[in-house]
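Chemist: Given chain V's structure and the hints, the job is docking chain A onto it.
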Amino acid sequence: MLYGMLAVFQEAAMDAEAAKAWGSLLGAGIGMGLAVIGAGIGIGQIGNGMTQGIARQPGAAATIQTAAIILAALVEGVALFALVIAILFKFVA
Amino acid sequence: MRLDATLAVLQGGGAAVQENGGAEATPDLSAMLMHHLVDGHEIEVGFLGWQRTFHLPEWEPIHVGGLALDLSPTKHVVFMVATAILLLAVFIPIGRVVRGKYTDRAPSGFTNAMEAMVLFFRDEVVRRNIGHDGDVYTSFILTLFFFILGMNLFGLMPFGATATANLAVTGALAFTTFVVTEISGMRTLGFKGYMGTIFYAPPGLSGVAKALMLCVMTPVELLGKLTKPFALMIRLFANMTAGHTLVLSLIGMIFMFAHLTVGRFAIAGASLSMVLAIMLLELFVAFLQAFIFAMLSSVFIGLIRHAH
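As they're listed, the protein sequences go chains V and A.
FYI, the numbering for the first sequence is 1 to 93, going by this note's numbering.
FYI, the numbering for the second sequence is 1001 to 1308, going by this note's numbering.
Heads up, a few of these hints could be off.
Beta-carbon label-pair distances, calculated as ranges [claimed, not checked]: (1) V:31 / A:1303: 24 to 34 Å; (2) V:78 / A:1030: 56 to 66 Å; (3) V:1 / A:1281: 28 to 38 Å; (4) A:1214 / V:49: 31 to 41 Å; (5) A:1108 / V:91: 44 to 54 Å; (6) V:15 / A:1030: 20 to 30 Å; (7) A:1026 / V:37: 28 to 38 Å; (8) V:1 / A:1117: 47 to 57 Å; (9) A:1193 / V:91: 43 to 53 Å; (10) V:78 / A:1203: 28 to 38 Å; (11) V:67 / A:1060: 45 to 55 Å.
With a Cα cut of at most 25 Å, we get these calculated SDA-like pairs of lysine to any residue [as the list claims (entries may be wrong)]: (12) A:1228 / V:31; (13) V:90 / V:23; (14) A:1101 / A:1123; (15) A:1228 / V:82; (16) A:1225 / V:72; (17) A:1228 / V:46; (18) A:1225 / A:1175; (19) A:1228 / V:88; (20) A:1228 / V:75; (21) A:1228 / A:1190; (22) A:1192 / A:1222; (23) A:1192 / A:1214; (24) A:1228 / V:76; (25) A:1228 / V:34.
Just so you know, these hints were derived from the structure itself, not from any lab.
For glycine and all other residues, C-beta sits at the position ideal for the given N, C-alpha and C.
Bound-form chain V, shown alone (with noise of 0.2 Å):
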């Protein structure tokens, strides 16, 4: 794939700093629908244990919601690191 781009780079006669634009943006691109693919899975998971927890037990309901709560939003900050690295790839290089 790399051997791919490069062939691109050549082709369009493209410079040190258009190609390096150009990269860096598809970089962020394919990594930022990588770690949401990855958010999505995991906060799914999250969710069904939460509906099963809950089915099986309705007198846990408010803990057990509360916990899936908490677990998302640990899960849904390490898709955002990758949110901070591709805006580190588009304004910074």
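Modeler: Positioned in the frame of chain V, the structure of chain A alone reads:
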């Protein structure tokens, strides 16, 4: 909403389009985002057409050793100080009233609400994570929560700026948590016990196996000590920045499609309804992230106090 300020910046771009005589230059979304998210030296306020830009003073950097410290009050610093003043103005009277008027009966009104939150943090967050001798940390955890919440909520108000959408602010908060955690660990475990949390080998080994495990585990433990506050910093910063970036991008989309003759109002309507939904989510995220920062701080303090 920050519509007035956004309009000012974007109509600057829109005016340029009209001067150029057509759809040559699209509004500068990147500049608008930077203007609203990044720290600056101007605070804009406006109301129904009247607008005023306050230019904040820029002070000379103070040279200490090899560093040049720029201590000038920027936009985020002003909002941090405003949050601090608000918290002092709310909680010092409440403390006085609880100690004076309400020593033998339950408080009423606003004091009741604040007491409910304080007790919630003491029982569910501090005592659950740090233990019964951790009541002294209640004030620290509460300060973290209300300070971060105040800064987050100021960012959601019209013409407000989110001080927590600044890596330096969240970094300072995370560093404070780190210092409190480590000093708490040193005081509870003693010097030898604290070194045991850095130079860690699983108990029961001796000789070559112990030396080997020490060599492997020490960098891991050191990194573990550093990644926790780093994660705190990045989590808060990214949550605040991401929400604002999304809202600003959606509003900027209205201006990107302003040159269309058919459908530009429909796009504006769709964009604004999404912005409404995301602002509600942002409100929830403001509370949640402040709570998570405070709760994780208490978890880290509890973890190092019970390391043995």
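Chemist: Are the hints correct? Go through all of them and say.
Modeler: Each hint tested on the structure:
1. V:31 / A:1303: 24 to 34 Å: holds, 31 Å
2. V:78 / A:1030: 56 to 66 Å: The hint (56 to 66 Å, Cβ to Cβ) is violated, given that residue 78 of chain V and residue 1030 of chain A are roughly 26 Å apart.
3. V:1 / A:1281: 28 to 38 Å: holds, 36 Å
4. A:1214 / V:49: 31 to 41 Å: Holds, at about 38 Å.
5. A:1108 / V:91: 44 to 54 Å: holds, 51 Å
6. V:15 / A:1030: 20 to 30 Å: holds, 21 Å
7. A:1026 / V:37: 28 to 38 Å: holds, 30 Å
8. V:1 / A:1117: 47 to 57 Å: holds, 53 Å
9. A:1193 / V:91: 43 to 53 Å: Roughly 44 Å apart at Cβ, these two residues keep to the hinted range, so it holds.
10. V:78 / A:1203: 28 to 38 Å: holds, 32 Å
11. V:67 / A:1060: 45 to 55 Å: holds, 51 Å
12. A:1228 / V:31: Since the Cα atoms of residue 1228 of chain A and residue 31 of chain V sit roughly 23 Å apart, the hinted pair holds (cutoff 25 Å).
13. V:90 / V:23: With Cα atoms ~10 Å apart, residue 90 of chain V and residue 23 of chain V stay inside 25 Å; holds.
14. A:1101 / A:1123: Measuring from Cα to Cα gives roughly 23 Å; hence the hint holds.
15. A:1228 / V:82: Holds: residue 1228 of chain A and residue 82 of chain V sit about 17 Å apart, inside 25 Å.
16. A:1225 / V:72: holds, 23 Å
17. A:1228 / V:46: Since the Cα atoms of residue 1228 of chain A and residue 46 of chain V sit roughly 22 Å apart, the hinted pair holds (cutoff 25 Å).
18. A:1225 / A:1175: Distance ~11 Å between residue 1225 of chain A and residue 1175 of chain A Cα, so the pair holds.
19. A:1228 / V:88: holds, 21 Å
20. A:1228 / V:75: Holds: residue 1228 of chain A and residue 75 of chain V sit about 14 Å apart, inside 25 Å.
21. A:1228 / A:1190: Within the cut-off at roughly 22 Å; holds.
22. A:1192 / A:1222: holds, 16 Å
23. A:1192 / A:1214: Within the cut-off at roughly 15 Å; holds.
24. A:1228 / V:76: Measuring from Cα to Cα gives roughly 16 Å; hence the hint holds.
25. A:1228 / V:34: Since the Cα atoms of residue 1228 of chain A and residue 34 of chain V sit roughly 24 Å apart, the hinted pair holds (cutoff 25 Å).
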